[in-house]
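Can you make the complete structure from the sequences, with help from the hints?
Protein chains: 2
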Amino acid sequence: MQLHRDDVVDGAIAILDQYGLADLTMRRLAGALRVQPGALYWHFPNKQALLGAVADRILAPMERPVAAGDWSGALTELAHRLRDCLLTYRDGAELVSATYASRLTTSTGRERLAGTVVRAGIPREQAELAAYTLLYYVLGHTVDEQSRMQMDSAGALTDPPAESTGPLAESPDPTARFDFGLQLFTAGIRHRLGSDVR
Amino acid sequence: MQLHRDDVVDGAIAILDQYGLADLTMRRLAGALRVQPGALYWHFPNKQALLGAVADRILAPMERPVAAGDWSGALTELAHRLRDCLLTYRDGAELVSATYASRLTTSTGRERLAGTVVRAGIPREQAELAAYTLLYYVLGHTVDEQSRMQMDSAGALTDPPAESTGPLAESPDPTARFDFGLQLFTAGIRHRLGSDVR
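Sequences listed follow chains A and B, in order.
Per the working numbering, the very first residue in the first sequence carries number 79; after that it's consecutive.
Per the working numbering, the very first residue in the second sequence carries number 79; after that it's consecutive.
To be clear, the hints were calculated from the coordinates, so they are not data collected in a lab.
Treat the hints with caution; some may be incorrect.
Here are some, though not all, of the chain B residues that point toward chain A, as calculated from beta-carbon distances under 8 angstroms [claimed, not checked]: (1) LEU207; (2) VAL221; (3) ALA265.
Restraint-style ranges between C-beta atoms, simulated for each label pair [to be verified]: (4) ASP257/B to GLN80/A: 15 to 23 angstroms; (5) ALA146/A to ASP257/B: 24 to 32 angstroms; (6) GLN96/B to ALA146/A: 23 to 31 angstroms; (7) ALA234/B to THR253/A: 22 to 30 angstroms; (8) HIS121/B to HIS82/A: 45 to 53 angstroms; (9) ALA232/A to ASP95/B: 22 to 30 angstroms; (10) TYR97/A to GLY116/B: 27 to 35 angstroms.
For each residue, glycine too, the CB sits at the ideal point set by N, CA and C.
Laid out in structure tokens, this is it:
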């Protein structure tokens, strides 16, 4: 039976969800697919390229249309969708965060963010920078949030007692915390532009 | 000769800088220090705790005084210092990003950010959230920046030609990009507060 590119990505996603990013090796993937490692390299020249394709799969919902009409609503919707994509897969945030540097993902998520900032009236060059700012914020937030969720389910969190107000005390709700940062970001764009913003 | 806690952290930092985070294992560290693994566990109950101590070492400069007098200057200075700390060690951004979730670092970096936001006139509870926003932005930015630097020195970057304007095109200067995000952040705080800000 022929091994298709999508089968390889399916297999990689299955290993990711069951064992995590650290166990996603070309050798293990070949074993799970019952093929020789060479069969994988026919589709992907190296692991970096495979991870790029896995990131594409994780980020696929970023291509769907946005419901919100105004730019700040659309940005908020896209940022939440990005966070949801990353949280859907075990180690999803870490994988995309580490893989993004290779720029091997074909996801147009960042460009959609930039295009939405342009709609706010920001020049293209600055909108590109703003899209990076938002992307980095979402990645940083979600890597931490997902790590804590996964540590928690593994019983590895050593949280201080609820009455603690020391350095380890947590703000209770990750979604509220995430939203606060998004509001700062959109407020920053508004303030930077002053009356130029629609 | 007695093995001190600081010797273990020194050894971990040396392995990190020479081989990277993936090769920083308790077994390898014990070998490098010429002790049995048990000698490490006398100082650190598990690898998570060791990584917390390594993060403390990486983040140590965050405790030093700030030169800037106004809150936005101080925030910018602290954010740059955090980025510099992470870039100083190989995989430093990834290590702190992954370790931060365990909340085992004793670094007061995030609290210093929050205290600086309070000086802007923001209520403590919101200032804590703003400090998380800034921390996540710096971590997300620096993980990507450092990954690209390290891929570049390993010859693993496959950048498109300079004339490309497609999805892989890079904004040229990571520091300028970083500063743009910081400006959006401080503008967001100013805008959110309106005339309440000093």
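Non-conforming hints, listed in increasing numerical order: 4, 6 and 7
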